[in-house]
Structures are given as C-alpha cells and as structure tokens.
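2 protein chains.
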Amino acid sequence: MQTLKISNKLVKYAFIAMFGLIAIHSNAQVKKDSIQIRRIFDMALEDGKAYENLRTLCKGVGHRISGSAAADSAVNWGYNLLKSMWVDTVYKIPITVPCWSRGNIELATIYHDDTRLNITALGGSVGTNGLLKAKVVMAYGLEDLELLGEKAIKGKIVFLNKPFDAKTINGFEAYGACVSQRYNGASKAAEYGAVGVIVRSMTHKHDNNPHTGGMGYTDENNKIPAVAISTEHADMLSQRLKDMPDLEIGLRLNCKTLPDKQSYNVVAEIRGKSKNASIITVGGHLDSWDIGEGAHDDGAGIVHSIEVLRMIRANGYRPKHTVRVVLFMNEENGNRGGKGYAQWVKDRGEKHLMALESDAGGHTPRGFSISASDSLYQIISSYRSILEPYGCHVFKPSGGGGVDINPLKLDSALTINPNMILLGFLPDSQRYFDFHHAKTDVFENVHKRELEMGAASIGSMVYLIDKYF
Amino acid sequence: MQTLKISNKLVKYAFIAMFGLIAIHSNAQVKKDSIQIRRIFDMALEDGKAYENLRTLCKGVGHRISGSAAADSAVNWGYNLLKSMWVDTVYKIPITVPCWSRGNIELATIYHDDTRLNITALGGSVGTNGLLKAKVVMAYGLEDLELLGEKAIKGKIVFLNKPFDAKTINGFEAYGACVSQRYNGASKAAEYGAVGVIVRSMTHKHDNNPHTGGMGYTDENNKIPAVAISTEHADMLSQRLKDMPDLEIGLRLNCKTLPDKQSYNVVAEIRGKSKNASIITVGGHLDSWDIGEGAHDDGAGIVHSIEVLRMIRANGYRPKHTVRVVLFMNEENGNRGGKGYAQWVKDRGEKHLMALESDAGGHTPRGFSISASDSLYQIISSYRSILEPYGCHVFKPSGGGGVDINPLKLDSALTINPNMILLGFLPDSQRYFDFHHAKTDVFENVHKRELEMGAASIGSMVYLIDKYF
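So the sequence lines, in the order shown, correspond to chains F and S.
Heads up, the first sequence is in our numbering, so the first residue is 2 and it goes up one at a time.
Heads up, the second sequence is in our numbering, so the first residue is 2 and it goes up one at a time.
Be a bit skeptical, because a hint or two may be false.
[Said to hold, decoys possible] Okay, the calculated beta carbon distance ranges per label pair:
no., chain 1, residue 1, chain 2, residue 2, range
1, S, Ser181, F, Leu411, 52 to 58 Å
2, S, Asn209, F, Glu233, 28 to 34 Å
3, S, His207, F, Gly350, 56 to 62 Å
[Unchecked claim] Taking lysine-lysine and the DSSO-like style, the derived pairs with C-alpha atoms no more than 27 Å apart in a straight line are:
no., chain 1, residue 1, chain 2, residue 2
4, F, Lys50, S, Lys163
5, F, Lys397, S, Lys347
6, F, Lys50, S, Lys397
7, S, Lys163, S, Lys136
8, S, Lys33, F, Lys397
9, S, Lys168, F, Lys33
10, F, Lys468, S, Lys168
11, F, Lys32, F, Lys397
12, F, Lys168, S, Lys468
13, F, Lys397, S, Lys224
14, S, Lys397, S, Lys262
15, S, Lys262, F, Lys168
16, S, Lys397, F, Lys33
17, S, Lys50, F, Lys32
18, F, Lys163, S, Lys440
19, S, Lys32, F, Lys168
20, S, Lys397, F, Lys32
21, S, Lys321, S, Lys262
Quick caveat, the hints were computed from the structure, so don't treat them as lab data.
We put the beta carbon where it would ideally sit given N, CA and C, even for glycine.
Same shape as in the complex, but just chain F (with noise of 0.2 Å):
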C-alpha cells in the first residue's frame, strides 16, 4: 500500500529530524546558548568597533590593491590593531602577489563627435600602446562571439553587453551569469581578431560609475586590452551602434602589470582550551580594487572577523576549539592569499574543523552557504531556530564558502581535511552590485547597524560550531 509506505516513512523522517535536533540541542541547551548569542548581539550592536575599525580602514587607507603601498598599509593596519587587542598571538605569513598599475590614462570617446565615454580598465589589462582607435562590433556575452565570427570581429573592439538578469532575485546568482564575459571576454575576443573588449558593467543599477573587476589571458602572445563601461553608457553605445554601426571609439590606457612582490596574510589567534583543539579559520580579505574604498568588498568581511576575535576576548570566554582570524592578500587578482594559506596550514599538519568567509559585504544577514557533508549539514541546520530573532538563518548547501578559504578544502593538492565545513556568510544581496568594483564602494555606504549585526551573526556562528563539535 503505497499510502502506508508513504506514511511510514514519513515518520521515520520526522524521527530523525525530530531526535537528531533534540540530541544536539536539548530546551536547556537551547536557553543557554540562547543567552550567549544574545550577548554577542548587545556586544556588537551597543559597543561594537567594526564601524569604527572599518571606518580607520577606509578612510586612514583607502582602497588597497595587492602590491601598493596602500595595501602595505592595509597589513600594518590589520596586524597593529590585532596586536592592540591582546589576542594570544598575531603574526604575518609572507606571500608573494602580483602587481598590476592602472596607470593614470584611461580614456574611452566615440571618434565623431567626442563623446566621452564613462569606462575604467578591467584589472590586469594590458595598456593601448597610445591611440586604439577600432570600429564596434556589439555582443550579447561571450555566447555571441561564435555567432559573429572572425569576419564580424576582426581588427574591432568588441562590446560585451550581456546585461545583469532583472529577474534574479540574488545578486551573486544575477553576477555568475554575466562575470565570464568580463573574466573571459578578452581572450575569447582575441581569438576571432578583436583588438579590444569594452564590458558592460556586473550590476543591477542603471548609472554612470564604471566597475573593474579581475580578467585573465589564455594567450601570452595575443594580449587585448579590456574596460569596463558603466550601464549607463552601455545603453548608450548600443543605441548609438544601432544609428551609426560604423562608429568608431578611440581608447588609451597606460596600465601594466608589473613584476610581483612580497606581501602578507595577516593572522590573530585566540587558542583553544581543548587538548583536541583544532582551527576554526575565520576571513575575508584585506587586499581590493584600485577605485572606491573597499568598503563592502571587503572591508566589511575585515571588520567583521576582527570583531568576531574581540567579542570573545570582551566576553571573556575561552573557546575549545583556536579561533584564528586571516585578513587574506590578493583574494582579487590572484588568491594568492587564498593558496598560500592552505599550502602553510598543509605544510604545518594543522587539523582544520572549519573555515569561514565574509566577502558578500556589509549588508544586513540572511544567513550562511554551507559545504559540508549531509550529516554535518543536518547538525548545523539545528542551530537555525536560534538564529532566527536576528534574521540569519536561512541556510545553503554550497559547494564552497569563498575564494579565499576554498582551498582549504577543495583543491586537492593543498588540503589535509575534505571533511572540513566551509560556511560562507550571506548578507541581503540586492545592494551589493550597486558599489562591487566602483567609486562607490565607500564607508558612507556602508551601514553601521548592518554592518554590526554581520559581525553578531558570524560570531554566533562560530560560538555554536566551537562549542558542539
């Protein structure tokens, strides 16, 4: 009777779930942990330094790509405002990264009547070499290119305007689907002839800032150069194709990649009390974009990590398992942060339980992306009716939780625990995509409430994988 059978097991999935909750999180375990979240929300929300931290981190560094000055500053930063806070031990790992400068040309104008158009080199452009001056040819994403053909493209700059879907609800799902184009379309354009790729802006909003972003080339011998171009000016250029197809745009930019240099991770740990103790990593990374402040990208993940150390330092509680802070280096151009720091946890044999990353901004929490086995993924998933007065609990089974942490786990060469749990922090992801990459990205548009309640959510987390695993 297939009624029965479905019944019956039915109730065995209500056992299990019901049970399994009720082993990991009995009512007066519940109450209890109830009372230290609810601390670490007063902590962040009544006397909480991210906003302030943030604030010296914009404003007393600016933005900060890997291998400036300013992202030497940004380490002397993080490594002097760990080190005030008492932890038990801050130290640097020396990475290499490498070195990209936008120089200080970058013009883009329709030749015939001097339209100056709003575009910013894509990081690790080549330069023009003087005047590019090309005819257009317009393509809906990479998709096109096959289409149009080498005839269609040859000796052209062609123009990327796959627009952001308004119909995607998440802004990270909405930016998945357009980002090849502006990582790819280079080298794919080049492949037919092209010689340069002007992309439509990764965003939602309609306005005139344009917004970089990393780009590679598959072909050492056949290098374009690639800008970013703001929505509004996309829309522009594409009405203007349609009235004049034979248009032609004249673009310098004096940027160039430069030798690497030496740089850092920087690290703060409070040590576990447990004979057993393994690393609960928690990051995002210091390093960002030559435009803005790196305010939400990622600032905020900055902000927020370091703030997670200082709660359970104020809170004076001693967690079982090391909690280790990592501000990473180069997460955008390179995650040689990233690499370099599962390659050191892998040379030491450190024994890692999980990683966790803040790099989707300042923005008020909706939850966590998860990667971990099924089990694994059922206890975690306990702990959402906790997190639900303060809005952070909605769930994700990911298959990483960030660029910088994944390597931890998912690169084969580099990770000593696939079993590890990766959790990625989610905060509401409509506004992100107004500043990612561009001028924007500013401490005034970041919000200091948001931005708390960020810092509460993933210590929160962290509390209640320390203390049940």
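Using the hints provided, position chain S relative to the given structure of chain F.
For chain S alone, coordinates are given in the frame of chain F:
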C-alpha cells in the same frame, strides 16, 4: 513513561504538521503556484511600475500632510493613475480630516551662546505665541517625570531623551519602546507644570535630522509646545546640561491647528469571479508628514498596493475574490481614513476575507505579520516554503496588520468580521527609522529592486490567499 509520552506527542505533531501541509498544498499545487509566483516576481522586477510611480508621487506631489493642497494633489495623482489602469472601478470615499500647519518659524537656541538646535515641531503641537524662554530639565523618558516631580519640572522645558535601544534588533520594536515620549510627552509634562517639551528623535541613527511625528493633548486647557530634536543635538544638549544645568532655551514656533477639511480615501477594484466573492483589501497611506517626500512612509506602501493591481491585470488573472486597493488618507495624524473605511465597509455590509497593509517602508522583504486564528495561521504558514526563494517567508503572529486596516477587525464598533485575516508587510527594518518622518525620506533613499521585491511579495500573498480561501 515520560520518554514514550513525549515521543507519542511528537509523532502526533509530526503527523498534524506534515499532513496539514499536504492537505493544503499538494505537490502539483505547489508547482503551479511556484510558476505563478515566479511570474509575479518577473513582472515586478522586469517591467515593474512601482519605482516610476514612486518617483512621480515623490517628485510630482512631494510631501502631503492631511488637509494640505499637496494631499489634494496626491488624491488626484492616485485617482488618475488607477483610472489609467483599466481596472473594474475606481472611486473616492469622502472623509473629513484634521488639518495642522507647521507655519514658517521653527527656532530653538541655547540662549546664552546662541547655539541653534536642529528641531522641528511635532505634528499637532501648538505654537509658542512669540518667544518661549525657559530652563530645561532632562528626563529619560516618561517614566522619569514622576520621579522628578512638579518641583523640578514646573516652569521648565522638559527634554525627553530616552534613546532607541541599540540592542533591539527590530527597528519597529525600538520605536515602540520610545514613541510614548513623543506622543504623550507634552500632556504628561504639562501635568507637572512644564511649559514645553523637546523630544529626542525616534531613530537609531546618529545625525542632525529632527524626526517629526504625531502627538496628542489630553487636556484641552493645558497645551504646551512640543518639538523633536536631532539625535546629535540631543546628545549635545545632554552634555551642555551637565556642564550648565541652568541653561535656558529660547523656542519659537508658529504652527497651529486649522479647521477640519474634506479629503478622500482612493479606491480601485478588480472584481472577483466567485459567486461568493469576499473582499481582499490591500493598502497603504497616501498622506505623509510635511517633511521630506513621504517616500518610505508611505509612498512605498502606496506604490506596492497599486502594483499588485497592475500585475493582476497584466497577468490576465481573474481573482476569485474582489481585490481592492485602498489609498488611505490621514494615517499619520488621525486615522480618519482607516476608521472611515471600516465604517463604510460596515455600512455596506461587505464580506471581508483579508486586509493587507504595507506601511513599514520599501526595503528588502522579510515576511509578514499575521493576525488570524490559529487554524488560519497554520494554513497561511504552509505558504512559507513557496515564498522562501524570494526571502519573504518570515511569518510573525501579530495583534494587527497596520493602523489603517486594524479598525476592520479590531474596532468592536466597526468590525463585521472579527475572524478576518489581517496581514502586515514586513520589510527589513534596519534602515527605516533612518528616514522616518525626516527630510531624508525622499525617493533617492528607496532602492528600486527592494521596492519591486516588496510589491511582488505582497502580490504573491494576495494570489495565494485569494486562491486558497
């Protein structure tokens, strides 16, 4: 055996929960509904009119306090917009509204050094009739007045300085804990002989914008002027009083109450196809305070509601029940629109199934407050999973749905269906009181996608309740 009892109970609840859900929402239904709800979000996000409607309301009409010429313009704006949408019927319900004028003089200075304070009259306050000069006594909310007593208060201006609690997660709860000092401060202080009140602005934000809002007098013969002060100046004044307890403040206001005026609720309907069609009311309030542009409060609720009607029409969907949008007048200082509408419904003996109000701003949707019987609450709760992909799935049991719709159910003299469902739309609350009743509540501070998501969330809930009731 306690253990066995518990497990039996758990099994019972598990059955109720699971089969309850299945009864309401079969897999086939969920699939069909998911498609409809996806369409609603697509319509709102891809071709939405909410944002442009908000622009014309904020920029074309501006702020629109009850009884003002601007409020008349807002009535025309709403009526003409709804008329243009080819719904079944559009009409106006006359109501009489109070009329208060801010005047053109709002000055407060610390007398001895002429420091100008950022203040604004509270709505409904009497003027000062020239210069009001007095010493100041600070109170930490109304609770302090009795402790201070007549001796400390008589002849002075009472400075009510209870701040929003930073630790309170939900902005509306923080507001709820403080707003009595704004609404009742003048009356309570006058009982002890105060000559005026200065009330700390109702916001978590630390800035220099005073936030106005409603207040009332209980004693017709003892009305004293009342103003709001910005949070930064509240902190400054508090510090100055420590240094110089005898400082005097000079206050000049020429605000006044004028005779009542005629105004309107604006109504539009799409009639239900069912023979037993009830009414589903969806609304926000058309009036605003006379500062800023009433963008979040409550332009957002107005354009949310209008968008619901537009989407039903655009989708070619004929609801079972009559969906009626009401643009309520006079929510801010009298609730004549809400009460007048309930009276009008009662006079006509209309069957009401549900009313939903959007008056909590245009930020990212989080969910709904629900005032319904336990069994109806359970049914509505079964929609959570279908709304989860859109993030509007946090449901909170509540005593009401909003100031405008509550009289339909909660005013015993007016209600004809004490079992009707009241829903309140709940967007994220972290930023709402940054703008609430202040000059910063302007169109530019509403985020396009967040506003559109709100309209879609409300539209989805209307769709589900219309379909399943």
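Structure-based check of all given hints:
no.: 1; hint: Ser181/S <-> Leu411/F: 52 to 58 Å; verdict: 55 Å, holds
no.: 2; hint: Asn209/S <-> Glu233/F: 28 to 34 Å; verdict: 32 Å, holds
no.: 3; hint: His207/S <-> Gly350/F: 56 to 62 Å; verdict: 49 Å, violated
no.: 4; hint: Lys50/F <-> Lys163/S; verdict: 23 Å, holds
no.: 5; hint: Lys397/F <-> Lys347/S; verdict: 47 Å, violated
no.: 6; hint: Lys50/F <-> Lys397/S; verdict: 32 Å, violated
no.: 7; hint: Lys163/S <-> Lys136/S; verdict: 19 Å, holds
no.: 8; hint: Lys33/S <-> Lys397/F; verdict: 24 Å, holds
no.: 9; hint: Lys168/S <-> Lys33/F; verdict: 19 Å, holds
no.: 10; hint: Lys468/F <-> Lys168/S; verdict: 24 Å, holds
no.: 11; hint: Lys32/F <-> Lys397/F; verdict: 25 Å, holds
no.: 12; hint: Lys168/F <-> Lys468/S; verdict: 24 Å, holds
no.: 13; hint: Lys397/F <-> Lys224/S; verdict: 56 Å, violated
no.: 14; hint: Lys397/S <-> Lys262/S; verdict: 38 Å, violated
no.: 15; hint: Lys262/S <-> Lys168/F; verdict: 44 Å, violated
no.: 16; hint: Lys397/S <-> Lys33/F; verdict: 24 Å, holds
no.: 17; hint: Lys50/S <-> Lys32/F; verdict: 46 Å, violated
no.: 18; hint: Lys163/F <-> Lys440/S; verdict: 38 Å, violated
no.: 19; hint: Lys32/S <-> Lys168/F; verdict: 19 Å, holds
no.: 20; hint: Lys397/S <-> Lys32/F; verdict: 21 Å, holds
no.: 21; hint: Lys321/S <-> Lys262/S; verdict: 37 Å, violated
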